[in-house]
Amino acid sequence: MATKFEWLKEPPFTPAFESFCEGRVLSDPFWEHVLEYYTKSLCNPEKILILKYEEMLECPIDRVMRLANFIGCPFSQDELKNGLVEKIVEFCSFDKLKDLDINKNGIGNLKNSYFFRKAIVHDAGDGKQIGQDHARKIP
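So the sequence shown is numbered by this note's numbering: it starts at 161 and just counts up by one.
For the record, the hints were derived by calculation from the structure and aren't laboratory data. Using N, Cα and C, we set each Cβ at its ideal position, and we do this for glycine too. Check the hints yourself; a few may be wrong.
Taking lysine to aspartate or glutamate and the EDC-like style, the derived pairs with C-alpha atoms no more than 16 Å apart in a straight line are [as the list claims (entries may be wrong)]:
no. : residue 1 : residue 2
1   : K256      : E246
2   : K241      : D259
3   : K212      : D222
4   : K247      : E214
5   : K207      : E218
Between beta-carbon pairs, the in silico distance windows are [as the list claims (entries may be wrong)]:
no. : residue 1 : residue 2 : range
6   : E218      : L257      : 34 to 42 Å
7   : K241      : E196      : 18 to 26 Å
8   : Y197      : F235      : 42 to 50 Å
9   : L202      : D259      : 21 to 29 Å
10  : Q237      : K207      : 41 to 49 Å
11  : D293      : F235      : 30 to 38 Å
12  : F173      : G243      : 37 to 45 Å
13  : D238      : F177      : 46 to 54 Å
14  : Y198      : K241      : 14 to 22 Å
15  : Y197      : G232      : 15 to 23 Å
16  : E239      : R296      : 27 to 35 Å
17  : E192      : D238      : 30 to 38 Å
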């Protein structure tokens, strides 16, 4: 009988990866779901905000300001002048988050490396995270 902690067990990578690439995941169908939200975000940018990881790394200050505006909490001139956006970006940086005690250990049988990578764009197919054969299968 499965327990409520069954999800903490490490799944075999290849079958889990194949299921993901085919869109068969817990929130099935994954790729159709992502595409639908992306399309809706183009028609209703005031209701759906999509932030891309690459853009967050490239211009984090701009993206934090965009997020604040989107949720209706824009930064004041004083906050901008006092560097609050920069402080938020630093506080939420990969280096800062990966060094928090809560993030140094894994959960159950899942290693911390499942949740933290190198914070480098396009490193999936470098052979260190996933193999190049797997990387080529990602839609």
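Here's how the hints hold up against the structure:
Taking the CA atoms of K256 and E246, the gap is near 13 Å; set against the 16 Å cutoff, the hint holds. As the CA atoms of K241 and D259 are separated by approximately 28 Å, the hinted pair breaks the 16 Å bound. Taking the CA atoms of K212 and D222, the gap is near 12 Å; set against the 16 Å cutoff, the hint holds. Straight-line distance between C-alpha atoms of K247 and E214 comes to about 20 Å, which puts the hinted pair past the 16 Å bound.
A C-alpha spacing of about 24 Å is found between K207 and E218, which places the hinted pair above 16 Å, so the restraint is violated. With their beta carbons about 18 Å apart, E218 and L257 fall outside the hinted range of 34 to 42 Å. Checked against the given bound of 18 to 26 Å, the beta carbons of K241 and E196, roughly 40 Å apart, lie outside it. Range check, Y197 to F235: about 26 Å between beta-carbon atoms, so the 42 to 50 Å window is missed.
Separated by about 37 Å at the C-beta atoms, L202 and D259 break the suggested range of 21 to 29 Å. Taking the beta carbon of each, Q237 and K207 are about 27 Å apart, not inside 41 to 49 Å as hinted. For the pair D293 and F235, the beta carbons lie near 45 Å from each other, so the given range of 30 to 38 Å is not met. Taking the beta carbon of each, F173 and G243 are about 42 Å apart, inside 37 to 45 Å as hinted.
The hint said 46 to 54 Å for the Cβ distance between D238 and F177, and at roughly 48 Å that hint holds. Look at Y198 against K241: about 35 Å separates their beta carbons, and that is not inside 14 to 22 Å. The supplied range of 15 to 23 Å is met by Y197 and G232, whose beta-carbon atoms lie about 20 Å from each other. E239 and R296 have their C-beta atoms about 45 Å apart, which leaves the hinted 27 to 35 Å range violated.
Look at E192 against D238: about 45 Å separates their beta carbons, and that is not inside 30 to 38 Å.
Violated hints, listed in ascending order, are 2, 4, 5, 6, 7, 8, 9, 10, 11, 14, 16, 17; each of the other numbered hints is respected by the structure.
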